[in-house]
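Let chain E serve as the given structure and place chain F on it in line with the hints.
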Amino acid sequence: MKHLPFIWKHIWHNKVRSASTVAAMAVCILLLCILESVNQAIVAGLATAKDSRLITRHNVSLVFTLPISHRERIAALPGVRKVSISNWFGGIYQDRKNFFPNFAVDLPTYLDMYPEYIVRPDERKELLADLKGCIIGPALAEKWGWKVGSVFQLQSFIPSYQKAEPFEFVVKGIYDVDDRKYAGTIRNLMFFHHKYLYEGTGQKIGVATFPIEIENADQAIAVAKSIDALFENSDAQTKTETEAAFRAGFVSLGGNLAFLLRTVGLAVIFTILLVLANTMSMAVRERRTEIGILKTLGFSNARVLGIILSEAVLLGILGGLSGVAAGYGMIAILPSLPEIGDAVRMFPSLGMTPKVAGAGVIVAVLIGLGAGLVPALLSYRARITGLLRQI
Amino acid sequence: MISPTREESASEEGVRGAAGKESVIVRGVRKVYRRDAEELVVLDGIDLTVFEGEFVALMGPSGSGKTTLLNLIAGIDTPTEGEVVVAGTFLNELSEGSLARWRSRNVGFIFQFYNLIPVLTAVENVELPLLLTTLSKKERRERALTALRLVGLEDRSGHYPRQLSGGQEQRVAIARAIVGDPAVLLADEPTGDLDAKSADEILDLMETLNREFRKTIVMVTHDPRAAHRARVEKHLEKGLLVRG
Chain E
1 MKHLPFIWKH IWHNKVRSAS TVAAMAVCIL LLCILESVNQ AIVAGLATAK DSRLITRHNV
61 SLVFTLPISH RERIAALPGV RKVSISNWFG GIYQDRKNFF PNFAVDLPTY LDMYPEYIVR
121 PDERKELLAD LKGCIIGPAL AEKWGWKVGS VFQLQSFIPS YQKAEPFEFV VKGIYDVDDR
181 KYAGTIRNLM FFHHKYLYEG TGQKIGVATF PIEIENADQA IAVAKSIDAL FENSDAQTKT
241 ETEAAFRAGF VSLGGNLAFL LRTVGLAVIF TILLVLANTM SMAVRERRTE IGILKTLGFS
301 NARVLGIILS EAVLLGILGG LSGVAAGYGM IAILPSLPEI GDAVRMFPSL GMTPKVAGAG
361 VIVAVLIGLG AGLVPALLSY RARITGLLRQ I
Chain F
392 MISPTREESA SEEGVRGAAG KESVIVRGVR KVYRRDAEEL VVLDGIDLTV FEGEFVALMG
452 PSGSGKTTLL NLIAGIDTPT EGEVVVAGTF LNELSEGSLA RWRSRNVGFI FQFYNLIPVL
512 TAVENVELPL LLTTLSKKER RERALTALRL VGLEDRSGHY PRQLSGGQEQ RVAIARAIVG
572 DPAVLLADEP TGDLDAKSAD EILDLMETLN REFRKTIVMV THDPRAAHRA RVEKHLEKGL
632 LVRG
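Chains as they are written, first to last, in our numbering: chain E, 1 to 391; chain F, 392 to 635.
Just chain F, with the same shape it has in the complex:
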């Protein structure tokens, strides 16, 4: 197990508040895509530490490697070089099956296009991650309804995604991300497909989750207004992390 350095974030101690333990450690990570003889370096030696309870915004132009970095933190992609430690687990050492199990317990993912399952109702969508637990049907349903209540959509629990607005769909997606009480929430352009009002509501919700429930959040965004709602901003350019 590597020990994370804290130098990088030392100057940000003030905005971290009560943050202490490292939640996400990315050390010397390179990600290279190869096609035939051609090599595309997407991430080129990234070092990043996110502490527990932090709300970090990853910004940068298209193709800068933001989403790739998020995928590495989520354990849905593997680095070509370097190490990734999330919630105390060294992801490089995990097999595919172990990674899947780890994701179900430690990470909540929020997508730009919500990605709800269209044939399932809101509550069934939220309940989906709980199918991987040993909870009873009743317990699963209760927890899903609690998560929906938290995002203010308990009254829409029986609605299908097509019957919800974009903002509501994203709130259901957030409920799905938090229903398993993961340590880290990863959001990829969560407001990218929403109007300003809905985007604000989603950002309010994420702030609440960070502030009141001490969820560590890493959010990829193009939107400076969204980034300003985070406590820490990081900028990526051409696969390199530059100071925000």
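Bound conformation, chain E alone:
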């Protein structure tokens, strides 16, 4: 610790070089933290998926819808307990930056199939009785100050769901969550009657997905096959998969964002490692005489190695902390950014956990250690007479 002021003086002395190194490291850690936070948000989404639930959609793409008539035929298949309806509405509240996930669903069956959204019986009764009624998550209620009875409007960005006037909704209930029983339940969703959307669009829309509850989770694959076989020769062929597989596939629609980010992140780490290693090598090369002086004064090889590694690690810590701080800020503003915000809002539970922040700092320290290792070892092995040429 008593060498810290000495190490700090060196970092402070080369302000521009140190600042640019820290900035480069910070960008690297920022990217890593965002990547890992997105990954965690994806995993959180998958964690709530249940084995006994299947999702049926159009065989080609989610862009295409299925006829409502499919529902009755699926429900008649052996092993199927319940069939619901779910359409991603894509409704915007006032401005795109206010976007939150909202779904048009067959509420009675949907709420039965998804017990993780806990609705009070009286609110459920009111909800089912009102076509304009909706249920919202506690995060939405808190953010917008909505209560039971609040009225608001949403306009969808999906052309087939648009009409002259926005859709008007009345909050009929605020669902509760049980994190112990259903960990990772998303708190900022909104559900409303699919019938309201269907009627509001002149009965022209189809169904995006049929959430299906089956009697036996072990029969999931067999039931899924039987559903798809049922519509094999129809105009609207289906693709049925488990809810977890569906969510994983849905998340990867954007070209496997997580994989892309991870690849970019690793490339950035490697690049930063090289840049920092070069910077450290230059810094140490410039200080050959100084290292020779230290050794002449009695600093052991190990102590000199420690000083150089400490300098690299200190740069790493500074870069790591800056990157984590920037990451917190970035994640906070990402949803409000144009274009990018739409993609980010697909992950309502996106946020940087202390674990991710800690991992970011640890990676920064490891990069610092890796970058400082070679120059530190060279200094460790260098002979004093070689370092002090004028002697």
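Hints were generated in silico from the structure; no laboratory data involved.
Think of the CB as a built atom: it goes at the ideal place given N, C-alpha and C, for glycine as much as any other residue.
You may find that some hints are simply not true.
A few chain F residues facing chain E, derived, Cβ under 10 Å [what the hints assert, rightly or not]:
{"#": "1", "residue": "Asn462"}
{"#": "2", "residue": "Trp493"}
{"#": "3", "residue": "Arg494"}
{"#": "4", "residue": "Gly499"}
{"#": "5", "residue": "Phe500"}
{"#": "6", "residue": "Phe504"}
{"#": "7", "residue": "Ile508"}
{"#": "8", "residue": "Lys528"}
{"#": "9", "residue": "Gly543"}
{"#": "10", "residue": "Arg567"}
Now the stretches of chain F that chain E is said to cover, found in silico as 3 or more residues with beta-carbon under 8 Å [said to hold, decoys possible]:
{"#": "11", "region": "465-473"}
{"#": "12", "region": "479-492"}
{"#": "13", "region": "514-525"}
Positioned in the frame of chain E, the structure of chain F alone reads:
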């Protein structure tokens, strides 16, 4: 442990004054640098004894091996053959780590180009060797200021090397060399980069350290005027010690 001979310096008893114990013993030292099949003999069987409290000037032309000999005495290089004993320690037997520890306690080094750390102030430079001790921060600072006071630069303690003249830098370097109270001071051309006035000041200071604080000093120099300030002059030629 070898026992040093005193024959060589017997005739110099008069100039040694009260000197008694051997401080530096170099016996049969050869230093050979090898590059591929080529051998360069820099020191060829040197015998030298420096007694406690002596001020010895090592003179000789460039390439005669003065600096190499100084490096061997400082324990920053090892002889190809022969033995080096300094302050009672047989240097050949020490590992790298032990040598470093030994240097920090027993040797103060003064360089031709001062070699202060540019990012540290004068007092921080002087304090540097004390980082290897168990002294508290306060004690380290007090000792560093005392050393600076001794060289007449206490008022420049907060100055960086770039804010000091050459003579002042060398005085700070001397303060750094003596702050740990080493038994032996080794100086390599300490006045080689200074004007005559500054050189005189540095030599005055070294004389004071030798006379009043009984520091054993071995100084390499080209400058006959500097050498005359030492109590003993030794001459090296082509790796051999010739009588001064």
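Checked hints:
1. Because the beta carbon of Asn462(F) sits about 6 Å from the nearest beta carbon in chain E, less than 10 Å, this interface hint is met.
2. Restraint check, Trp493(F) versus chain E: the minimum CB separation of about 8 Å is within 10 Å; hint holds.
3. Against a cut-off of 10 Å between C-beta atoms, the interface hint on Arg494(F) holds, since the closest Cβ of chain E lies about 4 Å away.
4. Restraint check, Gly499(F) versus chain E: the minimum CB separation of about 9 Å is within 10 Å; hint holds.
5. A distance limit of 10 Å between C-beta atoms decides the matter here; for Phe500(F) the minimum to chain E is near 5 Å, and the interface restraint holds.
6. For Phe504(F), the suggested interface contact is upheld, since its CB lies about 6 Å from the closest CB of chain E, less than 10 Å.
7. The closest approach between the C-beta of Ile508(F) and any C-beta of chain E is roughly 6 Å, which is under the 10 Å cut-off, so the hint is satisfied.
8. With a least beta-carbon distance of about 7 Å to chain E, the hint placing Lys528(F) at the interface is held under the 10 Å criterion.
9. Taking 10 Å as the C-beta contact cut-off toward chain E, the hint placing Gly543(F) at the interface is violated, the least distance being around 22 Å.
10. Because the closest C-beta pair between Arg567(F) and chain E is about 8 Å apart, less than 10 Å, the hint holds.
11. Chain E is given as covering the region 465-473 of chain F, and this holds because 3 residues of the stretch bring a CB closer than 8 Å to a CB of that chain, at least three being needed.
12. Under the rule that three or more residues need a Cβ within less than 8 Å of chain E, the assignment of the region 479-492 of chain F holds, with 4 such residues.
13. Counting residues of the region 514-525 of chain F whose beta-carbon sits less than 8 Å from any beta-carbon of chain E gives 5, enough to reach three: the coverage restraint holds.
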